[in-house]
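J.: Residues per chain, in single letters:
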Amino acid sequence: MTHRIYLDHAATTPVDPQVLEAMLPYFTNSFGNPSSIHSYGRETRKAIEDSRAVIAKEIGASATNEIIFTGSGSESDNLAIRGIAYAYRQKGNHIITSSIEHHAVYDTCKALEKEGFKVTYLPVNEVGLISVDNVVNALTPETILVSIMHANNEVGTIQPIAEISKILQDRKIFFHTDAVQTVGTIPVNVQDLGVDLLSMAAHKFYGPKGVGALYVRKGIKLNQLIYGGAQERNRRAGTENIAGIVGMAKALELANANLEANSKRILELREYLIDNVLGKLDYVRLNGDRKQRLPGNANFSFEFIEGEALLLNLDLKGIAASSGSACTSGSLEPSHVLLSMGICHEIAHGSLRISIGKANTKQDIDYLLEVLPEIVNKLRAMSPLYNVSNERKECQTCTLKK
Amino acid sequence: MYTEKVMDHFQNPRNVGEIDNADGVGEVGNATCGDIMKIYLKVEDNRIVDVKFKTFGCGAAIATSSMVTEMVKGKTLEEALAITNKAVAEALDGLPPQKMHCSNLAADALHKAIEDYRARQAG
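Heads up: the protein sequence lines correspond to chains A and B, in order. Going by our numbering, the first sequence opens with residue 1, and the numbers climb by one from there. Going by our numbering, the second sequence opens with residue 1001, and the numbers climb by one from there.
With the rest of the complex left out, here is chain B:
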């Protein structure tokens, strides 16, 4: 039911963990629904220099989290904000239809982390 790319990211997730003193942190989902994604960012000169994630969820939740971290490393914040949940799913060669909504929230977590970073900068 999952593509080879999903299974690859599920089995060998990239950038798992937390960043101490992260510049931005974003979390979406809740435990009741069975999915939580949390993304940590390190930002330098408007560029994402490091990114890590922690995810509680199914295979698709873990694979999309891993994929989004790979996609944004080295990107500017504007480029990162342009990444959509759909683009993440496409980068994984697609997700089963029933997974498109409940488990495909990694880009949302990323965007929240960027918002958090910007709020901290402004504050």
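Bound conformation, chain A alone:
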């Protein structure tokens, strides 16, 4: 393997050197427990509160203490949904979410169903978009929470969050959005979006892994999930990940400062990639919306081949990407996102997600475009499904779900 090309930024990103530099003192010199009363503790307490202020400002929060630090984006999602569900159970037991949420939301809702909550999983259209009307129609007097992701992690579709929040505004129903894929990637402002709770994770925007945050609008009650201390104003016990928190704030500051320039360049690379993949290969489709999607996301389905075999071949050429095939999802089912979009199993198994980051160049994309056709052709030559003269039509029986 001569060189490696990383095209899996929706999975995670490398820590920016400036972020690492900001973090380093908090592993060694500045190590005090922020709950301690001595100078060591006061020093790290200040670092945490300064970081909280930075993050609050970057996402447009009206008060610093609207930010709760957590251990991951998944924890933020769990805390938001369970925290609201348990705190407002006496008001109602109905939750509305979508069928294409990240498993941190989806599985949490499934778990709550077992505890007696009722959950509506809204369908999406063929490009993965939620309809605002469907949200309205799903509302009941029992509805306490709506949780819809800002942008999908697999196909990059950006949801009409601001429109949904407008219809929820006067109804006193809490609105949570999983913004793990969007914070630091596209503009995210909690006032513009009109959300009450918003989840984020540092490692998606060139910050460290193991630290996330949840924005919770002032005045909202939230049951804690982790007990054992008064940290985060009694909402998340545990000694704070100081270096991680400092890194998260620095990473978001940097990401937002360069957001416009980075996303413009990344978007150009993505468009170049999509044009060429669709132009160079037959029996390939773009999953998701061409326009209303995250700048760095491209998700293709290559018919007649399976995603894991495709990923392994790309990896042998030094290219890191991702797939929604069953083999890569760790279950027998392919991606629930692609299936919800009405894409049939067979096509979902052959999906490939390319997520472009700030360090990628046109040369990287050109290299991918050079090796991809030969890999796809090699696998198709091996596939019993690939027979141009006598095409199988299994997909025709596949109908759009719901």
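Mixed in with the good hints, there may be bad ones.
[Unchecked claim] With a Cα cut of at most 30 Å, we get these calculated DSS-like pairs of lysine-lysine: (1) A/K91 <-> B/K1042; (2) B/K1112 <-> B/K1042; (3) A/K172 <-> A/K110; (4) A/K110 <-> A/K209; (5) B/K1042 <-> A/K317; (6) A/K378 <-> B/K1075; (7) B/K1005 <-> B/K1075; (8) A/K317 <-> B/K1005; (9) B/K1075 <-> B/K1052; (10) A/K57 <-> A/K209; (11) A/K264 <-> B/K1073; (12) A/K378 <-> B/K1005; (13) A/K378 <-> B/K1073; (14) B/K1042 <-> A/K378; (15) B/K1005 <-> A/K209; (16) A/K209 <-> A/K46.
The set of hints was computed from the structure by calculation and includes no laboratory data.
Let chain A serve as the given structure and place chain B on it in line with the hints.
T.: Same frame as chain A, now just chain B:
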């Protein structure tokens, strides 16, 4: 996650293709599940003289298909029928646990091809 042998067979699969006028053809799996294996046999005097495969599936599906074709070439039908999915996985120095069921069907495809051959002979 895969052994060197699996990666070798995945990268350089043996006996890929179809046999025109095959004496027996066997197919297992379906596209919905993400795996289809199809095996073609040429049989002479109760012996497998040629074998080819086509597979739609993950790395393990392709490697097991390739391996089973290598294992049966020149074998009698009885010897070929004695080959199990487990034996194919062992010949590849093992498969990840989650792959043992969904992608390890190559011996089943082989056995189906032999059944098909025998049915044709009987018919």
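J.: Please flag the earlier hints that this structure goes against, numbers listed from lowest up.
T.: 1, 5, 11 and 15
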